[in-house]
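Visitor: Chain by chain, the residues:
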Amino acid sequence: MNAVWSSLGSYLLAFAVWPGLLLAAPLGWLELWFMRKLVARLQGRQGPPFFQPFFDFMKLLGKETVIPRGVNRGIFLALPVVSVAAVTAALAIVPLPGNPAPSLPGDVVLLLYLMEVPILCEVLAGYVSRSIYGQVAAMREALLSLAYNLPFLVAIIAMAQEAGSFQMSTLQAAPYGLVHLLAAVTFLLALPARMKLNPFSIANAEHEIVADSHIEYSGPPLALFKLSHAVELVLLTELFAVVFIPATPWPLVNLLVYLAAGVAVLGGVTLLATATARLRLTQAFRFYWVWGGLASAVTLAATLVR
Amino acid sequence: MNLIERVIAISRRRSPWICRLNAGSCNGCDIEITPLLSPRYDAEQLGVELHGTPKHADIVLISGTLTLRSREAILDIYAQVPNPKAVVALGSCPASGNVFAGSPLVLSESLDSVVPVDVWVPGCPPRPQAILDGIARAAKLLEDGATKSQLESRRGRLS
Chain A
1 MNAVWSSLGS YLLAFAVWPG LLLAAPLGWL ELWFMRKLVA RLQGRQGPPF FQPFFDFMKL
61 LGKETVIPRG VNRGIFLALP VVSVAAVTAA LAIVPLPGNP APSLPGDVVL LLYLMEVPIL
121 CEVLAGYVSR SIYGQVAAMR EALLSLAYNL PFLVAIIAMA QEAGSFQMST LQAAPYGLVH
181 LLAAVTFLLA LPARMKLNPF SIANAEHEIV ADSHIEYSGP PLALFKLSHA VELVLLTELF
241 AVVFIPATPW PLVNLLVYLA AGVAVLGGVT LLATATARLR LTQAFRFYWV WGGLASAVTL
301 AATLVR
Chain X
1 MNLIERVIAI SRRRSPWICR LNAGSCNGCD IEITPLLSPR YDAEQLGVEL HGTPKHADIV
61 LISGTLTLRS REAILDIYAQ VPNPKAVVAL GSCPASGNVF AGSPLVLSES LDSVVPVDVW
121 VPGCPPRPQA ILDGIARAAK LLEDGATKSQ LESRRGRLS
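First to last, the protein sequences are chains A and X. Under the working numbering, the residue at position 214 of the first sequence is numbered 214, and the numbers go up by one with no gaps. Under the working numbering, the residue at position 3 of the second sequence is numbered 3, and the numbers go up by one with no gaps.
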């Protein structure tokens, strides 16, 4: 009985403190600020102050929530909460140094499932809002997720095949090889679309469809969606670092290497976003099923050849 | 005022999200808004973000001569902006009708008689730095709780 309570406690600690909400939120805001600042500097602007994402979040917390007429109040308000909870729970599974949660066999499957929940929430948010723009954004998001999830899922599954286990800690400790490089490239292909950045910012194309699927959201629920996006950035970059960057025996060094790798990946993705214009949905879909599919096939083939 | 309320008040000044509303403008004022987001004036330094939907906005920039048809649209969009909110009137048109005053399709009233205006930015069109100054002043009013809609709601709560 005691063991159950202590493992429950460590899960709660992982969810609420590290790598969960209490430390992931500031880290996510830092990463958001870094991206916005980098875009601004590349465009020859000064860019936002350091605490800008924090101010945006706090301001939204202090605003009124307008619920459109004819919208189911319960679903409308539950979606952002579910989104933040799922993405934080996914981050709590990632074996970052100092994560108190015990490693489970098969937690890769749980992680991949939890990472789909925020996307599902966005799609539902668009459809629930009864706004025509929100529905177009939801449709685009749903179709795009069918495209970018091919390379994304294959990259992780190929690593699981290589490590011979669906456990995050085994993936992290897998001896470094060719599959790591190929799977990393496949993962990076999917990353810009997962982060909703150019040239795949199709679902949040503010010039075409006013805003993303949270168009009808305001106040604290919108703040939670923004927070969910910030934590998702941390999750995606740190997942990349944990799975594809070789680990050292020293946890503190690992942590620094992981954070640096996360920032480097964000920088690369931001460079791509600044240098490109938005694709159409069909072009993005074709890109992911042709080039993403090719990368996936090569990666899977490499896991079979020893 | 406790700590969280203080942080939220500061955040209102540091993160003013704007939404444009063209109430029958010649487009001159709207064109002067775009340089704000460009490298030359870079309003993002003040935390300004341009949003397409009034649901995400804190400050509505209303430009143009008020016409008989735009009155309803102004009221509708103003009502969609979540509290607390501020209104900035751009140019001479919302105040007086400017050169269009007296035309049969033009509402011969100031914008103040339709929605409460917090900051007037005169000019035809106003310079970008004057618009930026107007946004900054409206953001300061939001921090102090001194926009007309905030004062109105406080008065409503007291009575």
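These are calculated hints, taken from the structure and not from any lab test. Keep in mind the model is a prediction, meaning the values are calculated, not measured. Cβ atoms here follow ideal geometry from the backbone N, Cα and C, with glycine treated the same way. One or more hints might be untrue.
Simulated restraints on C-beta separations [as the list claims (entries may be wrong)]:
hint, chain 1, residue 1, chain 2, residue 2, range
1, X, G156, A, A16, 37 to 47 Å
2, X, S153, A, L271, 52 to 62 Å
3, X, D144, A, H207, 53 to 63 Å
Output of the computed footprint for chain A on chain X, the stretches with three or more beta carbons under 8 Å from beta carbons of chain A [as the list claims (entries may be wrong)]:
hint, segment
4, 52-61
5, 88-100
6, 108-114
Visitor: Evaluate each hint against the coordinates.
Guide: Going through the hints against the structure:
1. G156(X) x A16(A): 37 to 47 Å: 39 Å, holds
2. S153(X) x L271(A): 52 to 62 Å: 45 Å, violated
3. D144(X) x H207(A): 53 to 63 Å: Once the Cβ atoms are compared, 34 Å apart, the range 53 to 63 Å for H207(A) and D144(X) is violated.
4. 52-61: Our answer is that it holds, as 5 residues pass the Cβ test (under 8 Å) against chain A, meeting three.
5. 88-100: Three-residue rule not met by the segment 88-100 of chain X, so violated; n is 0.
6. 108-114: violated (count 0)
Checked against the numbered hints above, the structure breaks hints 2, 3, 5, 6 and satisfies the rest.
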